[in-house]
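Number of protein chains: 4
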Amino acid sequence: MGHPYAKEKADLLTRLRRIEGQVRGVQKMIEEDRYCVDLLTQLAAIKNATHKVALSILEAHTRGCVADAIHHHTSEDEKIDELMDVIRQFIK
Amino acid sequence: MGHPYAKEKADLLTRLRRIEGQVRGVQKMIEEDRYCVDLLTQLAAIKNATHKVALSILEAHTRGCVADAIHHHTSEDEKIDELMDVIRQFIK
Amino acid sequence: MGHPYAKEKADLLTRLRRIEGQVRGVQKMIEEDRYCVDLLTQLAAIKNATHKVALSILEAHTRGCVADAIHHHTSEDEKIDELMDVIRQFIK
Amino acid sequence: MGHPYAKEKADLLTRLRRIEGQVRGVQKMIEEDRYCVDLLTQLAAIKNATHKVALSILEAHTRGCVADAIHHHTSEDEKIDELMDVIRQFIK
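Protein chains in written order, with our numbering: chain Z, 1 to 92; chain A, 1 to 92; chain P, 1 to 92; chain F, 1 to 92.
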């Protein structure tokens, strides 16, 4: 099996380039001594966009790799352990 | 008053450049069809690092702008409204 | 299929009873006009404990219902849609 | 100074009693072997409601205790340290 996010690849790259631009934007705002609350609003937007990219990859992973492992009974438990470990990094 | 994060400016910029590098790293991983769970782990690290930068700016803002407004009784209520609005974007 | 959290049932109930006690504890603290920061610390503990119960059920659900649907090719897509919708309520 | 959440006291208690009811509701659902996704939806609602109570107390605390400490220059730094520590428990 290839990468389960093949179909979303272009979309994910576009979204990540936008996040990269937002992160550079915050650097510029700091260099220009911009107001804290504007920085914080921008950082919240970066966090939200990062969560959305993560949810898209999580969905592709579940439909692809996890479902595949379950179908073929290959390392099914390990795949679900791994999935839960990474979800735990987001739900704290 | 200038920017309350003057002292942390260099540190904040270093951390944001590192986040920018991590975001570019995820793009590269996607282009190389890397494993979903590795992408997700990296995205969780970006989220954590973004939260930490936000907490530093939030602290500087509270010690600086908010305390200043309270001392001088100038738009104290507005400053706290604004602070709460931005915190609400992180605690959902 | 029954409930996939059969094995954890007693443990989940114990943890939820503890959360219920913590929620009642905060009510008591408010009635006694206790210090805000102590209330907030207790509310953070309730949030953390709620997340942990949710992660346990999420894991049981993925190993049980989702894997089951995938094995039997029965409403596999719907199950994963449903799973993602509920995860989205926690990753915002 | 008394408790800065005096005005919201009745409202906070109502909301916490509702959360307590929701936590008991999840226990009942588990005893009845209800569907995982319904449990998770309910747990997300508990988390959301807990966050909202925390934000109300955080706001009262900032307007009350923190502003008070800043006005009187009494343990201003300690109050803000304490505030940041508790916010950090919610933004992870």
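Note that these hints are calculated values from the structure, not bench results. One thing to keep in mind: the hints can contain errors.
It does not matter which identical chain is meant; a pair holds if it fits inside one copy or across any two.
[Unchecked claim] Okay, derived cross-link-like pairs now, SDA-like style, lysine to any residue, Cα gap no bigger than 20 Å in a straight line:
id, residue 1, residue 2
1, K9, A49
2, K7, C65
3, K7, N48
4, K28, T74
5, K92, N48
6, K92, S75
7, K7, E32
8, K28, D81
9, K9, M29
10, K7, K52
11, K28, L12
12, K9, T41
13, K9, G64
14, K52, M84
15, K92, H51
16, K92, E32
17, K9, K28
18, K52, T14
19, K9, E59
20, K28, R17
21, K28, I91
22, K52, T41
23, K9, A44
Small disclaimer: the values here were computed from a predicted structure and weren't measured.
Structure-based check of each hint:
1. In the homo-oligomer, the alpha carbons of K9 and A49 lie at most 20 Å apart inside one protomer (16 Å), although the nearest pairing across protomers, at 24 Å, exceeds that limit.
2. Taking the shortest alpha-carbon separations for K7 and C65, only the intra-copy value of 14 Å comes in at or below 20 Å, while the best inter-copy value is 26 Å.
3. For the identical chains of this complex, K7 and N48 are neighbours neither inside a copy (22 Å) nor across copies (28 Å), given an alpha-carbon limit of 20 Å.
4. Taking identical chains as interchangeable, the C-alpha atoms of K28 and T74 are never at most 20 Å apart, the minima being 48 Å within one chain and 28 Å between chains.
5. For a Cα distance limit of 20 Å, the shortest separation of K92 from N48 qualifies both inside one copy, at 16 Å, and across copies, at 6 Å.
6. With identical chains, the CA atoms of K92 and S75 are never at most 20 Å apart, being 27 Å at best within one copy and 30 Å at best between copies.
7. Taking CA atoms no more than 20 Å apart as the test, K7 paired with E32 passes between copies only; the shortest distance there is 14 Å, against 40 Å inside one copy.
8. With identical chains, the CA atoms of K28 and D81 are never at most 20 Å apart, being 41 Å at best within one copy and 26 Å at best between copies.
9. In this assembly of identical chains, the alpha carbons of K9 and M29 lie at most 20 Å apart only when taken from different copies (11 Å versus 30 Å within one copy).
10. Proximity of K7 to K52 under the C-alpha cut-off of 20 Å is restricted to the intra-copy arrangement: shortest distance 16 Å within a copy versus 33 Å between copies.
11. Taking identical chains as interchangeable, the C-alpha atoms of K28 and L12 lie at most 20 Å apart only when they sit on different chains, with a minimum of 11 Å there against 24 Å within one chain.
12. Taking identical chains as interchangeable, the C-alpha atoms of K9 and T41 lie at most 20 Å apart only when they sit on different chains, with a minimum of 18 Å there against 28 Å within one chain.
13. With identical chains, the CA atoms of K9 and G64 are at most 20 Å apart within one copy only, with a shortest distance of 14 Å there and 30 Å across copies.
14. For the identical chains of this complex, K52 and M84 are neighbours both inside a copy (18 Å) and across copies (12 Å), given an alpha-carbon limit of 20 Å.
15. In this homomeric assembly, K92 and H51 come within 20 Å of each other (Cα to Cα) both inside a single copy, at 13 Å, and across copies, at 7 Å.
16. For a Cα distance limit of 20 Å, the shortest separation of K92 from E32 qualifies neither inside one copy, at 34 Å, nor across copies, at 28 Å.
17. In this assembly of identical chains, the alpha carbons of K9 and K28 lie at most 20 Å apart only when taken from different copies (11 Å versus 29 Å within one copy).
18. In this assembly of identical chains, the alpha carbons of K52 and T14 lie at most 20 Å apart only when taken from the same copy (13 Å versus 25 Å across copies).
19. Taking the shortest Cα distances, K9 and E59 sit within 20 Å of each other inside one copy (13 Å), while across copies they are farther apart (28 Å).
20. With identical chains, the CA atoms of K28 and R17 are at most 20 Å apart both within one copy (16 Å) and between copies (11 Å).
21. Taking identical chains as interchangeable, the C-alpha atoms of K28 and I91 are never at most 20 Å apart, the minima being 31 Å within one chain and 24 Å between chains.
22. Taking the closest pair of Cα atoms, K52 and T41 come within 20 Å of each other both inside a single copy (17 Å) and across two copies (14 Å).
23. Taking identical chains as interchangeable, the C-alpha atoms of K9 and A44 lie at most 20 Å apart only when they sit on different chains, with a minimum of 19 Å there against 24 Å within one chain.
Hints 3, 4, 6, 8, 16, 21 from the earlier list are contradicted by this structure; the remaining hints agree with it.
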